[in-house]
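Colleague: Keeping their order, the protein sequence lines are chains W and U.
Here the numbering used here runs 5 ahead of the position in the first sequence, where the first position is 1.
Here the numbering used here runs 5 ahead of the position in the second sequence, where the first position is 1.
Among these hints, one or two may not hold up.
Since the list gives no way to pick out one identical chain from another, each pair is judged satisfied if it fits inside one copy or across any two copies.
[As the list claims (entries may be wrong)] In silico BS3-like pairs for lysine-lysine, Cα to Cα no more than 30 Å straight-line:
| no. | residue 1 | residue 2 |
| --- | --- | --- |
| 1 | 215 | 33 |
| 2 | 293 | 321 |
| 3 | 20 | 291 |
| 4 | 286 | 49 |
| 5 | 215 | 293 |
| 6 | 33 | 155 |
| 7 | 33 | 290 |
| 8 | 178 | 49 |
| 9 | 111 | 155 |
| 10 | 49 | 215 |
| 11 | 305 | 178 |
| 12 | 333 | 215 |
| 13 | 293 | 20 |
| 14 | 215 | 155 |
| 15 | 260 | 178 |
| 16 | 252 | 215 |
| 17 | 290 | 20 |
| 18 | 178 | 333 |
| 19 | 155 | 305 |
| 20 | 305 | 215 |
| 21 | 215 | 286 |
Hints are computed from structural coordinates only; laboratory data are not their basis.
So the chains spell out like this:
2 protein chains.
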Amino acid sequence: MVNLHSMPDLQKEMKRVKSAVDQLILTKLLPESSPIREVDLLYKMMRDYPSRPAKGMRPFLCVTACRAAGGEEGMALLTAACIELFQHWILIHDDIEDGSELRRGKPALHRVYTEALALNAGDALHARMWGALLTNRTSLGADRTLRVMKEFSRMVNATTEGQHMELGWVQGKRWDLGESDYYEMCTRKTSWYTVAGPCRLGAIVAGGDKRTLEGLRGFGLKLGVAFQIQDDALNLVGDSRKFGKAKSDDIFEGKRTLILLHMLEEASPDERRRAVSIMSKERSKKTKEDVSFVLELIQKYDAVGYARRRAAEMMKEAIGTLRGLNWKGDRTAAALLEAFARFAVEREW
Amino acid sequence: MVNLHSMPDLQKEMKRVKSAVDQLILTKLLPESSPIREVDLLYKMMRDYPSRPAKGMRPFLCVTACRAAGGEEGMALLTAACIELFQHWILIHDDIEDGSELRRGKPALHRVYTEALALNAGDALHARMWGALLTNRTSLGADRTLRVMKEFSRMVNATTEGQHMELGWVQGKRWDLGESDYYEMCTRKTSWYTVAGPCRLGAIVAGGDKRTLEGLRGFGLKLGVAFQIQDDALNLVGDSRKFGKAKSDDIFEGKRTLILLHMLEEASPDERRRAVSIMSKERSKKTKEDVSFVLELIQKYDAVGYARRRAAEMMKEAIGTLRGLNWKGDRTAAALLEAFARFAVEREW
Numbered sequence: 006m007v008n009l010h011s012m013p014d015l016q017k018e019m020k021r022v023k024s025a026v027d028q029l030i031l032t033k034l035l036p037e038s039s040p041i042r043e044v045d046l047l048y049k050m051m052r053d054y055p056s057r058p059a060k061g062m063r064p065f066l067c068v069t070a071c072r073a074a075g076g077e078e079g080m081a082l083l084t085a086a087c088i089e090l091f092q093h094w095i096l097i098h099d100d101i102e103d104g105s106e107l108r109r110g111k112p113a114l115h116r117v118y119t120e121a122l123a124l125n126a127g128d129a130l131h132a133r134m135w136g137a138l139l140t141n142r143t144s145l146g147a148d149r150t151l152r153v154m155k156e157f158s159r160m161v162n163a164t165t166e167g168q169h170m171e172l173g174w175v176q177g178k179r180w181d182l183g184e185s186d187y188y189e190m191c192t193r194k195t196s197w198y199t200v201a202g203p204c205r206l207g208a209i210v211a212g213g214d215k216r217t218l219e220g221l222r223g224f225g226l227k228l229g230v231a232f233q234i235q236d237d238a239l240n241l242v243g244d245s246r247k248f249g250k251a252k253s254d255d256i257f258e259g260k261r262t263l264i265l266l267h268m269l270e271e272a273s274p275d276e277r278r279r280a281v282s283i284m285s286k287e288r289s290k291k292t293k294e295d296v297s298f299v300l301e302l303i304q305k306y307d308a309v310g311y312a313r314r315r316a317a318e319m320m321k322e323a324i325g326t327l328r329g330l331n332w333k334g335d336r337t338a339a340a341l342l343e344a345f346a347r348f349a350v351e352r353e354w
Numbered sequence: 006m007v008n009l010h011s012m013p014d015l016q017k018e019m020k021r022v023k024s025a026v027d028q029l030i031l032t033k034l035l036p037e038s039s040p041i042r043e044v045d046l047l048y049k050m051m052r053d054y055p056s057r058p059a060k061g062m063r064p065f066l067c068v069t070a071c072r073a074a075g076g077e078e079g080m081a082l083l084t085a086a087c088i089e090l091f092q093h094w095i096l097i098h099d100d101i102e103d104g105s106e107l108r109r110g111k112p113a114l115h116r117v118y119t120e121a122l123a124l125n126a127g128d129a130l131h132a133r134m135w136g137a138l139l140t141n142r143t144s145l146g147a148d149r150t151l152r153v154m155k156e157f158s159r160m161v162n163a164t165t166e167g168q169h170m171e172l173g174w175v176q177g178k179r180w181d182l183g184e185s186d187y188y189e190m191c192t193r194k195t196s197w198y199t200v201a202g203p204c205r206l207g208a209i210v211a212g213g214d215k216r217t218l219e220g221l222r223g224f225g226l227k228l229g230v231a232f233q234i235q236d237d238a239l240n241l242v243g244d245s246r247k248f249g250k251a252k253s254d255d256i257f258e259g260k261r262t263l264i265l266l267h268m269l270e271e272a273s274p275d276e277r278r279r280a281v282s283i284m285s286k287e288r289s290k291k292t293k294e295d296v297s298f299v300l301e302l303i304q305k306y307d308a309v310g311y312a313r314r315r316a317a318e319m320m321k322e323a324i325g326t327l328r329g330l331n332w333k334g335d336r337t338a339a340a341l342l343e344a345f346a347r348f349a350v351e352r353e354w
């Protein structure tokens, strides 16, 4: 049994790991400056998102799963930093694809520097991520380095597929979607790179066995969906200063969230027709009244409540899977993973 | 001495290697289909550029350098295919960044499917490239696989820096540029991924020594610039059906080519002022008369002739470096590399 009184505070742990990882990124993994003016600006752009505040959940999961699986924290820091680099480049590209205005409380990179330069800076960060992963060789050896990279490859493949599904639904004006479509999309778009990938990468670094990796896959895929549902809920009802994105951005972007799909299922044919017609408009053509109408229907049918209940169920299933694992390492770390699972659906930011 | 009569025809060799590499890409490295409609479309988009005709110079260089350095062609095919994948994803992104309309004689990917989906498909291909490189392990072993990936990392880093330089000049309306700026940009943007990277990767696969790699770096960096100059020239004076891009696209895009920089240096202050003001206009605001004016100045000062003479000099220096190398493998392959160097600046497509 873990003594809960001696367990470090989850958010402090996340902050501690995040700070170690950020230092690695900004002092070792990314170039600082160049005598060529344009190249110098590229480096500055690459260092922009890594310098903005963020929760650091993914590196925390990687490092903590490594410890739970019997490894040392130091073994996993580089891999955890590469997970953050992944998050940085994919957010730069997502923000362009979604036409987002804000990221982490400041204008998105393409709003500061043009889409063309931001797109290329995302590619540059993407390549640096793989370059940094290669340097795992010194501490993990060639074989384990390649295993880590294989997991990265799986994680990025899933994420681009999920991203395409979501964008494709918006562009194809598809509304013939049910809950299972949302789960398919969300498992790919969010679960792999937010929970399953980071946890499994930590376990791989520690030399975890196949059963542990399988378990972390199950844990991560379920918890990732629960995490995304809470993200969707916060986008509608959260404090945008804490959340770092514009309020109700998902409605402006036409995102198919579980909340929205549930509301559409419950709504009357007339309500549904009007809501679909609003959601299908281009971002710039949606009025405040349009968005209010959709928000009121969401409230009328308690769609946020419904989605949060589903998220809570998935979180419990995920914790069940986690408890079935036979950890070889630090039991406190395993308890922290469970604390994170609760945080993922209870957080307000 | 190589018997030139028994040397295979360069273009036939390029075609043969290209065809082997394309088959590998389309049957083994890229997924074919998915039961999920949107994911299936993503796969179709990923297979689009790889299905369009192209010269296949880069895989040819990789395979041929491998043979010259003492390796077997089969050892290098996977790496050569990954070089093609690199070319595919970076072209998708470049076409978005430059606002290009045509690629290889057909509409650019983002013109067919929207910028958002094309951007994401480029990311998906980028990740598949690294995933495919990992599978070198089976034939090359873990250590050599990591060395290949390290060279890839260097190659992609240089390319994104060169791309940023070129975009940054256009966006910053910079015209205070000389020949040496062009070479700096071009070495990064073109030389690494077109010549230096492919040749060195072939040699690394074959287990080539440090001296060979250094020599191929020198050969590749010079020849790459010469290749780009010829590309710039063909963009102005070439047959756009053969070349696969819209005629004078570089002038519409405001590219700083050696041809243009030389013309500006030779032009009278009035000519220069008008040319710069035209070149600085946005693509859509340039008239046919604008472009004709710039083309006439280029002709008046024989700027294409000047640039081609510079390209020919660099090609000769590159061949000098190549001849100084002590090849351990197939001498015919080494002769083919030299034949390629001439082709790079003499080609009409």
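Colleague: Hints first: check each against the structure and report whether it holds.
Modeller: Going through the hints against the structure:
no.: 1; hint: 215 x 33; verdict: between (32 Å within a copy, 26 Å between copies)
no.: 2; hint: 293 x 321; verdict: neither (37 Å within a copy, 66 Å between copies)
no.: 3; hint: 20 x 291; verdict: neither (38 Å within a copy, 52 Å between copies)
no.: 4; hint: 286 x 49; verdict: between (36 Å within a copy, 27 Å between copies)
no.: 5; hint: 215 x 293; verdict: neither (51 Å within a copy, 64 Å between copies)
no.: 6; hint: 33 x 155; verdict: both (23 Å within a copy, 16 Å between copies)
no.: 7; hint: 33 x 290; verdict: neither (45 Å within a copy, 44 Å between copies)
no.: 8; hint: 178 x 49; verdict: between (37 Å within a copy, 20 Å between copies)
no.: 9; hint: 111 x 155; verdict: neither (34 Å within a copy, 34 Å between copies)
no.: 10; hint: 49 x 215; verdict: neither (41 Å within a copy, 33 Å between copies)
no.: 11; hint: 305 x 178; verdict: within (24 Å within a copy, 53 Å between copies)
no.: 12; hint: 333 x 215; verdict: within (13 Å within a copy, 44 Å between copies)
no.: 13; hint: 293 x 20; verdict: neither (37 Å within a copy, 58 Å between copies)
no.: 14; hint: 215 x 155; verdict: both (15 Å within a copy, 29 Å between copies)
no.: 15; hint: 260 x 178; verdict: within (11 Å within a copy, 37 Å between copies)
no.: 16; hint: 252 x 215; verdict: neither (42 Å within a copy, 56 Å between copies)
no.: 17; hint: 290 x 20; verdict: neither (40 Å within a copy, 50 Å between copies)
no.: 18; hint: 178 x 333; verdict: neither (49 Å within a copy, 60 Å between copies)
no.: 19; hint: 155 x 305; verdict: neither (46 Å within a copy, 56 Å between copies)
no.: 20; hint: 305 x 215; verdict: neither (46 Å within a copy, 71 Å between copies)
no.: 21; hint: 215 x 286; verdict: neither (47 Å within a copy, 59 Å between copies)
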